[in-house]
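Everything in the sequence shown is counted per our numbering, starting at 67 for the first residue and increasing by one.
Warning: the hint list may mix true and false statements.
What the hints assert, rightly or not - 30 Å max Cα-Cα, derived DSS-like pairs, lysine-lysine: (1) K152 - K76; (2) K167 - K184; (3) K179 - K118; (4) K151 - K240; (5) K231 - K186; (6) K231 - K118; (7) K118 - K94; (8) K136 - K152.
Hints in this document: simulated from the structure, not taken from any laboratory.
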Amino acid sequence: MKDFTNSVLKIGLLLLIIFAIASCAEKKAPPPPPPEISVVEVMQADIPIYEKFVGQVYGYSDIPIRARVKGFLDGIHFLEGLRVKKGQLLYTIDPEEYQSKVATQASHLAEAKTSLAKSKSDLDRIKPLAEINAVSQSDLDAAQAEYDASVSYVNAMESNLHFSKINLGYCWMKSPINGVIGKTHARVGEF
């Protein structure tokens, strides 16, 4: 039995030596190659300062820009997302209709001033005649009423002309504040 134990020990020792030699004899796998790195040459170039992104941004004070007069949009004078200054032109509405209204009101005012001049000269002619009773008091009152009506008509026509000029000015929509302009839904040619 002693021989048997010795032979088992010898065989075990022999197997251990064979495994040790076999494990030492294995070659190690080569290390993986280094990763490829692309190289880009640096160049100086202009980069756009606006981009399109999905999302919503709200300013400290959002001011909606709306037309105060009706008409076709002739021009958009800004790029969305860029800075604008107070008083900078943003939109142009076709001013032709409003220029025509200003011209019409100016002609009505000229007509009213002509009527005023005639009624004043009539009143100036009748006053001395009324003092010497060459015309009736009724004629003097009619001339005075005609003059007063002409003065009121001139004032009304001046107001109408002023209103028409204000509406004409609304054809050029300007920025009310300094800031960044947002997205516009208006397109040139729309009403």
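Now the hints, each set against the structure:
1. Restraint check for K152 and K76: not satisfied, since their Cα atoms lie roughly 101 Å apart, outside the 30 Å limit.
2. A C-alpha spacing of about 26 Å is found between K167 and K184, which places the hinted pair at or below 30 Å, so the restraint holds.
3. For the suggested pair K179 and K118, the alpha carbons sit about 58 Å apart, so the restraint of at most 30 Å is broken.
4. For the proposed pair K151 and K240, the alpha carbon gap of about 9 Å is at most 30 Å, so the pair holds.
5. Our distance criterion of 30 Å between C-alpha atoms is met by K231 and K186, whose separation comes to about 28 Å.
6. For the given pair, K231 sits about 39 Å from K118 by alpha-carbon distance, which is inconsistent with the 30 Å threshold.
7. A hinted pair counts as satisfied when its Cα atoms are at most 30 Å apart, and K118 with K94 does not qualify at roughly 53 Å.
8. Taken as a hint, the K136 and K152 pair is honoured in the structure, with Cα atoms around 23 Å apart against an allowance of 30 Å.
Hint violations for this structure: numbers 1, 3, 6 and 7, all remaining hints satisfied.
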